[in-house]
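S.K.: Use the sequences and the hints to build the structure in full.
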Amino acid sequence: MATTAMLSPRTLLLSPALRYILPARCLSTSVSSDQKDGWFNKLMVRKIEPTKESHSRMLSDKEVIFELQTHNLKPGAGKNYLKNYEEYVKGVKEMGAANSLNMELQGSWTVTVGDQDQCVHLWKYAGGYHAIDSANHLISNDTDLSKLIQERNQHLRQRTNQFLLPFSFWPLVTPREGNNIYEIRSYFLKPGTMIEWGNNWSRAIHFRQANNEAFGGFFSQVGRLYNVHHIWCYRSLADRKENRESAWRKPGWDQVVAYTVPLIEEYYSRYSSLQGRKESREDAWRHPGWDEVVAYTVPLIKEMHARILVPNYFSPAQ
5 MATTAMLSPR TLLLSPALRY ILPARCLSTS VSSDQKDGWF NKLMVRKIEP
55 TKESHSRMLS DKEVIFELQT HNLKPGAGKN YLKNYEEYVK GVKEMGAANS
105 LNMELQGSWT VTVGDQDQCV HLWKYAGGYH AIDSANHLIS NDTDLSKLIQ
155 ERNQHLRQRT NQFLLPFSFW PLVTPREGNN IYEIRSYFLK PGTMIEWGNN
205 WSRAIHFRQA NNEAFGGFFS QVGRLYNVHH IWCYRSLADR KENRESAWRK
255 PGWDQVVAYT VPLIEEYYSR YSSLQGRKES REDAWRHPGW DEVVAYTVPL
305 IKEMHARILV PNYFSPAQ
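The sequence shown maps to residues 5 to 322 in our numbering.
Source of the hints: derived by calculation from the structure; they are not laboratory data.
Even glycine gets a Cβ: it sits at the ideal position worked out from N, Cα and C.
Any given hint could be a false lead.
As the list claims (entries may be wrong) - Straight-line C-alpha distance at most 30 Å; calculated DSSO-like pairs for lysine-lysine:
1. K94 - K128
2. K128 - K194
3. K66 - K83
4. K66 - K78
5. K151 - K97
6. K151 - K194
Claimed, not checked - For each label pair, taking beta carbons as the anchor points, the in silico distance ranges come out as:
7. S144 - M62: 12 to 22 Å
8. P255 - R163: 28 to 38 Å
9. P255 - G132: 36 to 46 Å
10. P255 - P79: 39 to 49 Å
11. G182 - G82: 21 to 31 Å
M.R.: What follows is the structure in structure tokens.
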């Protein structure tokens, strides 16, 4: 009875489970270190301090910009679409050699798990937005490339793109050899949490480097904002599972997860082929600190998506 009298009217409207938790917090005069590290505290998003610099300047180098193109195909149009896009890539490469076009394809994939009939392309622009302006001007005034774009659009149901900046603490995007699969994990963060996400993942990335699975990490600059994309490369789906589970065995990974999940508004994952992915993911959990990274980044997430991808035959990343 004495405890209930201390609660505000707003608290009394909460569920019985939360009313059980809150009185203990109200009556406490001190908090032990064990309580501070408890699961409930890890779900609380820490205060984001104001800064005098933009997030993009603090987290990346603006001189290199990536474009992520997502094309949703009409059923049955895949073969003709890929042939068209291959010709487009060749045309851009030839134009680049003749006109110092700083535009280069980094990866081209077809989604196998996630959105069906979907292709994803990653382009790199060295030279910032000046390079993008120059590329747009040259391509729009090239008859052959413009025709290829018009023909390509006949195969599409929908298309979207984003301009992304690479996280400075992620490894540089480099071509991969062999028969690999790729996973794009897309996170839609709560506004104002990008710096905290970066702080936690600058530690987390070290837990996921044992098998060289980190392909690229980016955040959106133009297009849908507060959007993070992590691209991973695995030998197979089983390799992916092993690497991810290994991360949980590393001290610190659980904390990163706990502190970043609350920042996510939405999450999305896409795949492009499957078996080695298992081992890579399980291995990360075996490294000390990986659990802390997971614990600290989970609270930052608003939404998430994941897709599995297979490289297209003309992709630099295989």
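S.K.: Is K66 within 30 Å of K83, Cα to Cα?
M.R.: 36 Å, violated
S.K.: Does 12 to 22 Å hold as the CB distance between S144 and M62, or does it fail?
M.R.: 34 Å, violated
S.K.: Would you say the C-beta atoms of G182 and G82 sit inside 21 to 31 Å of each other?
M.R.: 23 Å, holds
S.K.: Check the hint pairing K66 with K78 against an upper bound of 30 Å on the C-alpha distance.
M.R.: 35 Å, violated
S.K.: I want to verify a distance hint. Is the separation of the beta carbons of P255 and G132 within 36 to 46 Å?
M.R.: Distance hint for P255, G132 holds at roughly 39 Å.
S.K.: For the pair P255 and R163, does the Cβ-Cβ distance stay inside 28 to 38 Å?
M.R.: 44 Å, violated
S.K.: Quickly compare the C-alpha distance for K151 and K97 to 30 Å and report which way the hint goes.
M.R.: Distance ~16 Å between K151 and K97 Cα, so the pair holds.
S.K.: Regarding the pair K94 and K128, is the alpha-carbon distance no greater than 30 Å?
M.R.: 15 Å, holds
S.K.: A range of 39 to 49 Å was offered for this pair. Does it hold for the Cβ distance of P255 and P79?
M.R.: 48 Å, holds
S.K.: Are the Cα positions of K151 and K194 separated by 30 Å at most?
M.R.: With Cα atoms ~40 Å apart, K151 and K194 exceed 30 Å; violated.
S.K.: Assess, step by step, whether the Cα of K128 is no farther than 30 Å from the Cα of K194, and give holds or violated.
M.R.: Holds - the C-alpha atoms of K194 and K128 are around 27 Å apart, at most 30 Å.
Going down the numbered hints, you'll see the structure goes against 3, 4, 6, 7 and 8, while the others check out.
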